[in-house]
Every structure is written in structure tokens, then in C-alpha cells.
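Enquirer: In case you want the letters, here they are:
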Amino acid sequence: MKNQLSLYLHIPFCRHRCSYCDFNTYVSLQGLQRMYAEALAVEIEQAAAVDAYGGKRPLSTIFFGGGTPSIMTIEELELIFTAVSQNFTLAPEAEVSMEVNPGTVDIAYLTALRDLGVNRLSFGVQTAVASELALLEREHSFADVQTVIAQSRAVGFDNISIDLIYGLPNQTLDSWEKSLQAARDLELEHISLYCLTIEPGTPMQRWADDGQFPLPDPDLAADQYLLATKFLADAGFEQYEISNWARNGRVCHHNLTYWRNQPYVGVGAGAHGYAADTRYHIVQQPRVYIRRMKADRPRPPFPLTLAVAGHHSVTRAEAMTDTIVTQLRLLHEGLDLPAFEARFGQSFADAYPQQLPQLLEWGLLQMDGKWLRLTENGRFLSNQVFYRLM
Amino acid sequence: MNQENIRNFCIIAHIDHGKSTLADRLLQETGTVSDREMREQLLDNMELEREKGVTIKASAVRMNYTADNGETYEMNLIDTPGHVDFSYEVSRALQSCEGAILVVDATQGVEAQTLANLYLAIESDLEIIPVINKIDLPAAMPDDVAEEVESVTGIPAEDAILISAKTGENIKAVLESIVKHVPPPVQDPNAPFRALIFDSHYDTYKGVIAYVRVFEGSMRHRQWVRMMTNGIEVEPIEIGTFNPMMQKQTALTVGEVGYIATGLKDVRECRVGDTITLKDRPAADLLPGYEMVKPMVFAGFYPTEGEDYNTLKEALERLQLNDAALVYEPETSTALNFGFRCGFLGLFHMEIIQERLEREYDLDLVATAPSVRYKIMMAHTGVERIIESPAELPDPGTIESISEPWMHVQIFTPDEYYGVVMDLVIKRRGVFTGQEYPASGRVVLKFDLPLSEIIIDFYDKLKSGTRGYASMDYDFEGYRAAKLVKLDVLVAKQPVDALAMIVHEDDAYHRGQRLVTALRKLIPRQMFEVPIQAAVGNRVISRANVKALRKDVTAKCYGGDISRKKKLLAKQKKGKKRMKMIGNVEVPQEAFMAVLQLGDD
Ligand SMILES: Nc1nc2c(ncn2[C@@H]2O[C@H](COP(=O)(O)OP(=O)(O)O)[C@@H](O)[C@H]2O)c(=O)[nH]1
Ligand code: SF4
Numbered sequence: 001m002k003n004q005l006s007l008y009l010h011i012p013f014c015r016h017r018c019s020y021c022d023f024n025t026y027v028s029l030q031g032l033q034r035m036y037a038e039a040l041a042v043e044i045e046q047a048a049a050v051d052a053y054g055g056k057r058p059l060s061t062i063f064f065g066g067g068t069p070s071i072m073t074i075e076e077l078e079l080i081f082t083a084v085s086q087n088f089t090l091a092p093e094a095e096v097s098m099e100v101n102p103g104t105v106d107i108a109y110l111t112a113l114r115d116l117g118v119n120r121l122s123f124g125v126q127t128a129v130a131s132e133l134a135l136l137e138r139e140h141s142f143a144d145v146q147t148v149i150a151q152s153r154a155v156g157f158d159n160i161s162i163d164l165i166y167g168l169p170n171q172t173l174d175s176w177e178k179s180l181q182a183a184r185d186l187e188l189e190h191i192s193l194y195c196l197t198i199e200p201g202t203p204m205q206r207w208a209d210d211g212q213f214p215l216p217d218p219d220l221a222a223d224q225y226l227l228a229t230k231f232l233a234d235a236g237f238e239q240y241e242i243s244n245w246a247r248n249g250r251v252c253h254h255n256l257t258y259w260r261n262q263p264y265v266g267v268g269a270g271a272h273g274y275a276a277d278t279r280y281h282i283v284q285q286p287r288v289y290i291r292r293m294k295a296d297r298p299r300p301p302f303p304l305t306l307a308v309a310g311h312h313s314v315t316r317a318e319a320m321t322d323t324i325v326t327q328l329r330l331l332h333e334g335l336d337l338p339a340f341e342a343r344f345g346q347s348f349a350d351a352y353p354q355q356l357p358q359l360l361e362w363g364l365l366q367m368d369g370k371w372l373r374l375t376e377n378g379r380f381l382s383n384q385v386f387y388r389l390m
Numbered sequence: 001m002n003q004e005n006i007r008n009f010c011i012i013a014h015i016d017h018g019k020s021t022l023a024d025r026l027l028q029e030t031g032t033v034s035d036r037e038m039r040e041q042l043l044d045n046m047e048l049e050r051e052k053g054v055t056i057k058a059s060a061v062r063m064n065y066t067a068d069n070g071e072t073y074e075m076n077l078i079d080t081p082g083h084v085d086f087s088y089e090v091s092r093a094l095q096s097c098e099g100a101i102l103v104v105d106a107t108q109g110v111e112a113q114t115l116a117n118l119y120l121a122i123e124s125d126l127e128i129i130p131v132i133n134k135i136d137l138p139a140a141m142p143d144d145v146a147e148e149v150e151s152v153t154g155i156p157a158e159d160a161i162l163i164s165a166k167t168g169e170n171i172k173a174v175l176e177s178i179v180k181h182v183p184p185p186v187q188d189p190n191a192p193f194r195a196l197i198f199d200s201h202y203d204t205y206k207g208v209i210a211y212v213r214v215f216e217g218s219m220r221h222r223q224w225v226r227m228m229t230n231g232i233e234v235e236p237i238e239i240g241t242f243n244p245m246m247q248k249q250t251a252l253t254v255g256e257v258g259y260i261a262t263g264l265k266d267v268r269e270c271r272v273g274d275t276i277t278l279k280d281r282p283a284a285d286l287l288p289g290y291e292m293v294k295p296m297v298f299a300g301f302y303p304t305e306g307e308d309y310n311t312l313k314e315a316l317e318r319l320q321l322n323d324a325a326l327v328y329e330p331e332t333s334t335a336l337n338f339g340f341r342c343g344f345l346g347l348f349h350m351e352i353i354q355e356r357l358e359r360e361y362d363l364d365l366v367a368t369a370p371s372v373r374y375k376i377m378m379a380h381t382g383v384e385r386i387i388e389s390p391a392e393l394p395d396p397g398t399i400e401s402i403s404e405p406w407m408h409v410q411i412f413t414p415d416e417y418y419g420v421v422m423d424l425v426i427k428r429r430g431v432f433t434g435q436e437y438p439a440s441g442r443v444v445l446k447f448d449l450p451l452s453e454i455i456i457d458f459y460d461k462l463k464s465g466t467r468g469y470a471s472m473d474y475d476f477e478g479y480r481a482a483k484l485v486k487l488d489v490l491v492a493k494q495p496v497d498a499l500a501m502i503v504h505e506d507d508a509y510h511r512g513q514r515l516v517t518a519l520r521k522l523i524p525r526q527m528f529e530v531p532i533q534a535a536v537g538n539r540v541i542s543r544a545n546v547k548a549l550r551k552d553v554t555a556k557c558y559g560g561d562i563s564r565k566k567k568l569l570a571k572q573k574k575g576k577k578r579m580k581m582i583g584n585v586e587v588p589q590e591a592f593m594a595v596l597q598l599g600d601d
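Top to bottom, those sequences are chains A and B. Residue numbers 1 to 390, in our numbering, belong to the letters of the first sequence in order. Residue numbers 1 to 601, in our numbering, belong to the letters of the second sequence in order.
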């Protein structure tokens with residue numbers, strides 16, 4: 001796992017902006033898609049810079065996120081995949097995930113994805129309840145979800161995940177359980193559950209400010225989380241991360257890279273990356289991004305590209321924080337205490353002499369041999385743990 | 001200057017009625033300041049004053065004016081503070097004048113504040129010159145306002161001078177009227193030197209600079225002076241007048257207004273209100289009206305960061321140099337650690353000090369709810385104790401009686417708000433004492449009211465209840481005994497000294513309930529349930545729980561972007577740092593001021 005490297009590609013286009021969304025995505029720039037794909041191909045080449053031995057770097061996972069990656073045409077995706085395979089090596093068993101919005105693809109498209117090498121699909125489902133889909137301004141029905149998953153199975157995808165959201169305005173324990181049941185009946189490998197955050201600047205926030213609905217009750221969200229934990233366990237899912245459940249060990253290896261605080265290269269507008277002890281982010285605006293990729297200037301050293309908007313070397317203190325806020329999210333592994341001490345020259349207990357005993361006493365953390373982990377209670381209060389350890 | 005040709009006057013006005021603008025015009029009209037030099041609002045030379053729109057410290061300026069009769073006059077304008085907290089300083093300033101210009105906004109009419117200062121001026125036998133300002137405005141009603149002025153001063157409406165300080169219209173008429181109506185100072189030029197200190201400021205090089213009005217005799221520079229109350233003697237570094245900047249002179253003579261740079265390092269050695277005389281030929285008596293400045297309102301100031309304690313201490317020392325009315329002493333609180341109990345003339349004074357500490361010294365402060373000075377009669381010993389903080393209240397069993405300061409309050413309001421004002425005052429234990437109708441549609445309501453009821457949220461309630469129209473003034477009446485009890489607040493079973501209050505027995509239950517409700521909203525949920533209780537003695541009168549926190553997670557870190565999540569966590573951590581720990585409970589600073597937001601119902 002030493003040479004593990006992951007690649008994240010960001011596709012910043014959507015047909016319509018969902019009411020809760022503050023991601024880096026644009027609804028009126030689809031005319032740029034082709035140029036964007038070309039720019040992405042250039043950036044992939046820049047980001048790939050051969051390693052010290054003159055070899056291509058091997059990738060263990062690839063993740064297409066957005067926005068809506070499935071908005072790209074197959075030709076555009078081909079351009080991108082070609083650039084990836086020309087500049088990196090890809091292990092045969094490498095995980096290649098793509099986010100797909102239900103209602104945007106057909107059998108032919110799914111087949112083509114399969115042929116390009118995509119082997120894991122992640123669908124933005126959010127909820128099975130029609131009124132909740134309407135509130136979120138999702139452009140699909142739950143029937144679309146059932147259809148697209150059946151089609152995906154038919155063309156041979158055997159690793160499928162969906163996202164669901166709880167903590168929604170007016171969502172009850174009952175309606176949440178309906179979504180969970182519907183999700184279980186899809187017989188998936190993987191499920192991610194996210195608690196809604198009402199982000200500033202979104203329509204959702206304006207509606208909340210206008211008093212169009214009562215603010216979601218955090219205690220209800222906690223109950224929904226508990227319900228989900230139990231429900232999914234009964235359905236044969238194992239919770240391996242605060243928000244992620246997998247069946248039969250089909251965890252998301254790409255996301256594990258983040259949570260193990262391992263390096264990944266990020267390309268595309270607004271992407272973030274972390275490699276060679278450097279954290280960086282790419283310009284957000286697709287137009288600016290495309291222009292940057294057309295510039296004829298020498299490329300900066302790995303992992304930076306001409307589209308990088310900002311970067312910094314990770315300090316020791318930052319690396320400690322990063323290790324904590326990522327590794328503690330993994331419920332089975334957790335934080336590797338001996339590795340922490342080896343890396344930072346200080347034991348965890350010495351680094352946090354007051355905080356650690358307090359968090360253990362409150363039952364938010366537990367120690368298990370060489371591992372430090374969140375307790376069941378600590379999962380839903382993880383920020384309380386994290387900020388105290390910063 | 002011939003004593004006959006000296007005129008000492010001040011300007012009385014409600015905030016925003018145009019005092020500063022008029023002062024500027026007078027300086028220009030007399031050529032004291034050229035148009036080019038004219039800084040806006042020259043007399044208000046503290047930034048804070050300008051923002052608050054009030055004059056905090058009185059100061060003075062000398063102008064030379066050649067009148068229509070061909071003679072040249074020395075006109076000394078003495079500035080007066082415009083806020084009720086400073087009425088003590090106002091009376092000092094008034095005593096240095098023979099005349100007062102009463103400025104009233106032609107669109108607003110007379111306000112309570114103006115009225116209070118006006119009565120002080122009339123009591124000090126000043127000649128009043130009514131001036132109606134802002135006649136350039138379309139909404140101006142100069143005739144109605146002049147009538148109102150007549151009804152409060154008895155000066156015929158037709159004698160009021162109608163001006164626009166903005167356009168400069170009729171400014172000369174104001175100067176002529178001063179020459180004609182304000183009498184020259186009539187004191188004895190040959191008596192021993194006596195000068196009243198009506199203001200002071202601290203200068204790093206020249207020490208405390210006393211602003212004085214010479215009532216009798218004269219002095220030359222290099223002559224040793226003596227502060228009459230404490231006997232301190234010094235050779236002044238410099239003496240002079242304000243033209244309008246400080247200008248060195250070789251002598252100060254009777255009737256004049258000027259300054260004496262004492263070289264003293266502590267304002268307490270050279271108090272406003274004291275009399276300065278000469279060491280070699282001392283006067284026998286103080287000028288009338290010397291009074292110690294008495295702080296009326298007390299609050300604890302604590303640095304948010306413990307390490308700022310020394311900065312706070314130094315800042316208070318520095319502020320006190322310029323502000324003898326500010327007092328402070330170290331105080332320790334179990335909830336807030338080390339800080340200072342500070343005394344102020346009033347709430348407004350407190351606000352100004354807090355703002356200056358925060359702005360000029362970059363301090364982050366927690367201020368406890370303000371309190372007053374109580375007198376405690378001890379049961380067996382018969383000894384009287386004075387406390388300035390609820391935390392100091394002795395065990396009730398040992399107390400014979402508690403008394404608290406009461407104020408005479410005047411509220412000036414359009415009469416449609418009569419009922420609103422009455423309600424508010426009665427709820428606050430007020431006693432109605434009388435009313436007057438100085439003009440049609442306007443009423444002055446008079447009450448006696450405990451000061452403790454005024455300093456908690458009274459002014460804001462008055463303003464909001466009367467849509468901003470009412471104004472108020474108060475002065476000290478005396479101490480009255482009352483059935484007062486200490487209301488303790490317990491957070492997670494621990495009494496929090498900084499939250500304790502002294503309240504009337506009959507109000508304890510209500511106040512306790514509201515305080516607990518307010519605190520429950522202000523204290524964020526913790527890792528465990530936190531009971532909040534209000535108690536009198538051992539009796540818990542109200543209780544509520546802050547439920548344990550159950551949810552604190554962030555949604556996904558998109559595309560591995562943990563920077564955003566870290567930013568949020570850093571913010572959370574910073575927020576926590578600003579909290580005060582009571583045992584294991586994190587309490588935000590606003591909680592200590594919660595009592596100010598309780599409301600009346
Ligand atoms: N229209 C008009 N505005 C005036 C006049 N005199 C003062 N003002 C304005 O009224 C406001 C308050 O004046 P200022 O002199 O600062 O009042 P102070 O608080 O009494 O010193 C300022 O905005 C002035 O510009 C006037 O004669 N006419
Ligand atoms: S599909 Fe996803 S990225 Fe696009 S608007 Fe909706 S939530 Fe945002």
C-alpha cells in the first residue's frame with residue numbers, strides 16, 4: 001500500500017441546481033463540456049509527472065465526482081480516460097467509481113461506461129419519498145432510481161452505491177424508515193448516509209430564513225441516525241465509517257484513501273488534492289480553468305498543475321489534525337497510535353494530555369490496543385472530538 | 001482684556017440639535033478658525049464622541065469678536081457634555097459661565113435632557129439665549145418651538161433667534177445677543193486667586209491639564225498653585241487659553257477661561273470641581289459646589305483571555321487619567337477568574353468605557369450585568385456596610401435591612417405615550433410624583449424609581465415603547481430601604497457568582513424564571529445534561545435543563561476536501577475558547593449579560 005495513489009476528477013456541470021447544493025457546479029455552462037474535457041486531459045498529463053525513477057505512477061482508485069459526471073458524453077469521457085491511461089498505470093483490480101444522477105442515463109450509456117472501465121457506480125438518490133425529492137429539487141423520481149439500478153445490473157455492474165439524506169425539514173422517523181426500506185430493497189453493495197447541512201446561500205437556507213419550514217430538529221436527526229444504524233445492520237450492512245455502510249466488504253476504496261490520510265491527486269475545477277506533503281486546490285471557475293490549461297507555461301512540480309489556485313506544504317501540526325479528523329472517521333481501523341507516535345515523535349496521550357482523558361471519560365473515544373476509535377456515542381458527536389483535538 | 005468685555009457662555013442642546021455645528025459657525029464667524037482650518041466638529045475631538053454623537057468631556061475655546069458697537073470682546077465658549085450620566089460635569093461647566101445658548105431643533109422641539117440642563121443653568125443664574133436651529137429644513141416649525149421654549153423658560157417667543165447653523169443664516173445675531181444680554185463676569189480682580197476646575201485631560205508631557213475658569217484675582221506663569229481640597233502644590237509647567245488650540249499665555253485674569261498644565265501625573269490629584277489658588281496668597285474658601293464624583297453603577301470587567309489581565313489593568317489606569325469619574329478595583333470571580341469591579345457615573349458612561357477598552361486597547365471583555373451600591377445595616381452590630389456587587393451580600397440572617405439608591409426621574413414624551421410610560425415605570429417599582437404639560441401634546445412625567453431598575457434595560461424599553469420619542473433624565477434622590485434578596489443562579493448545581501442579582505422579594509420569582517429561560521437558550525448544549533436553577537437562599541424557585549448534545553457531525557468531505565471541514569472545526573474551537581468554564585460547563589459570554597435581555601413580561 002506504500003505506493004498507493006488515488007485520482008479524483010471533478011465535473012462541474014449540472015442540469016439543474018438542487019435546493020441544498022453548494023458544490024462547485026454550474027447549470028448554464030454545458031456548452032463548455034467539450035473544451036472542459038480537453039482541458040482535463042491536459043491537466044491529467046501535467047498532474048501525472050513521472051516519478052523519480054522515470055516511471056508512470058500507479059493508481060489504485062479513480063473517482064469521478066461532481067456536479068454530475070454522467071452529464072458528460074461518452075466521447076468526452078473517452079478523451080479523459082485516454083489521458084488517464086496514457087499518463088498513469090492502472091492496476092487491473094483498480095476501483096473506478098463514477099457518480100451518476102438517476103434519470104440522466106440509458107442502457108447504451110451505461111454499457112459504454114462499463115467498456116471505458118468504470119466498475120463502480122454511485123447514485124445520488126437522497127430519498128425515496130416524493131415530497132422530500134421535491135423539496136430537494138431533485139430531478140428524478142424513485143422509480144427512475146429503480147430503473148437505472150436494474151439497467152446497471154443488466155449491463156454487469158456489481159458494485160453499486162447510493163447516497164441518502166436525513167435530517168431534512170419535515171422528514172419524520174417514519175418517512176426516513178421508508179427510504180431505508182426502499183434502499184434495502186435495491187440490494188446494493190454500499191450505502192452512504194448524510195445529514196443535511198443547510199448551507200449559506202442555497203435556496204434551502206432562504207426558505208428556512210423565511211420560515212417556510214421548521215428547522216430540522218437535531219435530536220430527531222440523532223434518532224434517525226440511530227435508526228439507520230440498526231436498520232442497516234439488520235439488512236447485512238457493516239458500518240465502516242461515520243457515514244458509510246458496505247455489504248460483503250464492498251467498501252469504497254477511493255474514500256478510504258481520504259480517511260487514511262493517504263495521497264490523492266485532484267484534477268478539474270474546484271478539485272482538492274494532497275500528495276508529496278502538499279495540499280492544493282484547483283481554480284473553481286470552469287472558464288478560468290480551461291484558460292489556464294491552454295496557457296503555454298512550464299508546468300510546476302508534482303503534484304501541482306497550471307490550474308492550481310493555492311497550495312501549501314503540510315506542517316506538523318496540520319498533519320496531526322489531518323490524521324485525527326480523517327483516521328478517526330474509520331470505525332474499525334481508527335487512529336493507529338504507534339504510527340502516530342512514530343510519525344510525530346510524540347505519543348497521542350502526550351500530545352493531548354487533558355483532552356484525551358476527558359474524551360475517554362465522556363465515552364466519545366475508546367482505546368483498543370494500538371487503535372484509538374470513536375465509540376458508538378462518539379460517531380454522531382465526532383466534531384466535538386475533532387475540535388478538541390485540534 | 002478688560003473684564004467688562006469678557007463673555008463666558010455655554011451651549012445647551014439635545015444630541016443632534018446642532019450644538020457642534022453652531023460652535024463651528026461661531027468659530028468661523030469670529031475668524032478664530034479660518035474656513036480652511038475648519039475641521040468638522042472641532043470641539044468634539046474624541047473619535048468615540050463623534051460616533052456616539054455626544055460630547056463626553058467639556059472643553060473650552062476663546063474667540064475674539066468685534067461687535068456692531070465697535071468694541072472687541074473676548075468670548076469664551078465652554079462646551080458641556082450632553083448626557084445624563086455627566087450632569088455633574090455639566091454643572092461644573094455651567095458654573096463657569098454667565099450665559100447659555102439654548103439650542104432647540106426647529107423640527108423636534110425641547111427634549112428632557114435639554115430641559116434638565118436648562119434648569120441647572122437657570123438655577124446657576126445664567127442668562128438664557130434661546131436659539132431655534134435648522135430653520136432651513138422644510139419640516140421646521142420655528143414658531144411652535146419658540147412657544148414651547150417660552151413655556152419652559154418664560155422667555156418671550158419673539159426673543160428666540162431663528163437660525164440655520166448649516167447655512168450660517170443669522171449666526172451674527174447670536175453673537176450680538178451674547179454681547180448684549182450675557183453679563184460680564186463681576187468678580188473681584190484683586191481678591192486672592194480662585195479658579196474652578198471644570199474639566200481636565202492628561203498629557204504625557206505636561207501632566208494633568210486643568211481647564212479652569214478664573215473667578216477671582218489673577219495669576220502669572222511660574223507662580224506656584226495649590227489644589228484647595230488636598231493641599232497639593234506645584235509650579236505649573238504652562239498656563240494659557242484655548243484659541244481654539246492651547247495657546248501659552250503669561251497670565252490668567254479674573255473672568256477668563258483657560259488652562260493650567262500642572263505637571264501632576266494623576267488626575268485624582270487635580271479633580272474636576274476643585275478650586276485652584278496660589279501658594280503665596282491662598283484664598284480662604286473653596287468655590288461653591290465642590291462634590292466628589294460618585295460612581296452610581298458598578299459592573300465586573302473580565303478579560304476573555306486570562307493573559308490580558310495586565311493589559312486591562314494598564315488600560316483602566318490610562319483611562320482613569322482622563323476620567324476621574326471612573327473607579328475600579330480588582331475582583332475575583334469563581335466563574336470569570338480575575339478582573340475588576342468598575343464604577344461608572346451611569347450606564348452610558350459604562351458603555352463608553354467598555355467600548356474604549358475594546359477598541360483602543362484591543363481587549364476582549366466579559367462585562368457582568370450592572371449593579372448599584374447597596375447599603376447594608378448589619379443586625380447585631382448595627383454597623384453599616386456598603387456593597388457594590390451582589391456577590392458581596394452577607395448572609396441574610398446577619399442583615400437588619402438593605403437599602404438601595406432611588407432617583408428622581410423625568411420623562412418627556414408626546415402625550416399619546418402617557419399610558420405606555422406609566423406602565424413601564426409602575427412595573428419597575430416606580431412611584432409617580434407629578435406631571436407637567438410644557439406644550440400641547442407633550443408631557444413631562446415625574447417619578448421616583450430605584451436606580452437598579454433603571455440600569456437594567458429601562459432606557460431601551462422606554463425608547464421602543466414610545467417609538468423613540470421619549471427622553472429621560474434623572475438625578476439621585478436618596479437611599480430607601482426595601483425587601484431585597486439575593487437571587488442566585490446555579491449552573492450544573494454550582495452557584496455562579498457573576499450571575500447573582502439583588503432583586504426585590506416580590507420580583508424574585510419572575511426574574512428567576514426569566515433568567516433561567518434566557519440562560520437555557522444562551523448556554524449551548526454540552527456533552528451532558530446541564531441543570532440551570534435560580535434560587536433564593538436554599539429555595540430553588542425556577543429550574544430548566546439544557547439537554548445533552550446528541551448531534552454534531554459534518555456531512556461529507558467532498559472530493560477529499562477536508563480544508564473546509566477543518567475551517568469549521570477551527571471556528572468551533574475558537575468559539576469554545578471564548579467561552580468561560582463553570583466547572584465542566586462552557587458558558588458563552590453573552591450569558592453574563594443575559595439579565596439585560598429579560599424584558600418585562
Ligand atoms: N438642515 C440642517 N441641519 C443641521 C443644522 N444644524 C445642524 N444640522 C445637522 O444636524 C446634525 C447634528 O448636528 P450636530 O451639530 O452634530 O449636533 P450636536 O449633536 O448637537 O452637536 C448634523 O447632521 C448636522 O449637519 C441646520 O441648521 N440645518
Ligand atoms: S446533482 Fe449534485 S452537484 Fe448537481 S446540483 Fe444536485 S446536489 Fe449539486
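For the record, the hints were derived by calculation from the structure and aren't laboratory data. For glycine and all other residues, C-beta sits at the position ideal for the given N, C-alpha and C. Please note: incorrect hints may appear among the correct ones.
As the list claims (entries may be wrong) - Pairwise CB distance ranges, derived in the manner of DEER restraints:
#1 N377(A) x P495(B): 26 to 32 Å
#2 F528(B) x E318(A): 46 to 52 Å
#3 N337(B) x D51(A): 27 to 33 Å
#4 R543(B) x P200(A): 51 to 57 Å
#5 P200(A) x R359(B): 26 to 32 Å
#6 E318(A) x D362(B): 40 to 46 Å
#7 T375(A) x D362(B): 52 to 58 Å
#8 E158(B) x D209(A): 36 to 42 Å
#9 T375(A) x P495(B): 55 to 61 Å
Claimed, not checked - Heads up, simulated DSBU-like pairs for lysine-lysine below, C-alpha to C-alpha not over 35 Å straight-line:
#10 K178(A) x K580(B)
#11 K461(B) x K574(B)
#12 K461(B) x K230(A)
Enquirer: None of the hints should be skipped; say for each whether it holds.
Expert: Comparing the hints with the structure gives:
no.	hint	verdict
1	N377(A) x P495(B): 26 to 32 Å	holds, 30 Å
2	F528(B) x E318(A): 46 to 52 Å	violated, 31 Å
3	N337(B) x D51(A): 27 to 33 Å	violated, 56 Å
4	R543(B) x P200(A): 51 to 57 Å	violated, 36 Å
5	P200(A) x R359(B): 26 to 32 Å	holds, 29 Å
6	E318(A) x D362(B): 40 to 46 Å	violated, 27 Å
7	T375(A) x D362(B): 52 to 58 Å	violated, 42 Å
8	E158(B) x D209(A): 36 to 42 Å	violated, 57 Å
9	T375(A) x P495(B): 55 to 61 Å	violated, 33 Å
10	K178(A) x K580(B)	violated, 44 Å
11	K461(B) x K574(B)	holds, 34 Å
12	K461(B) x K230(A)	violated, 53 Å
In the structure shown, a violation is registered for the earlier hints numbered 2, 3, 4, 6, 7, 8, 9, 10, 12, in ascending order.
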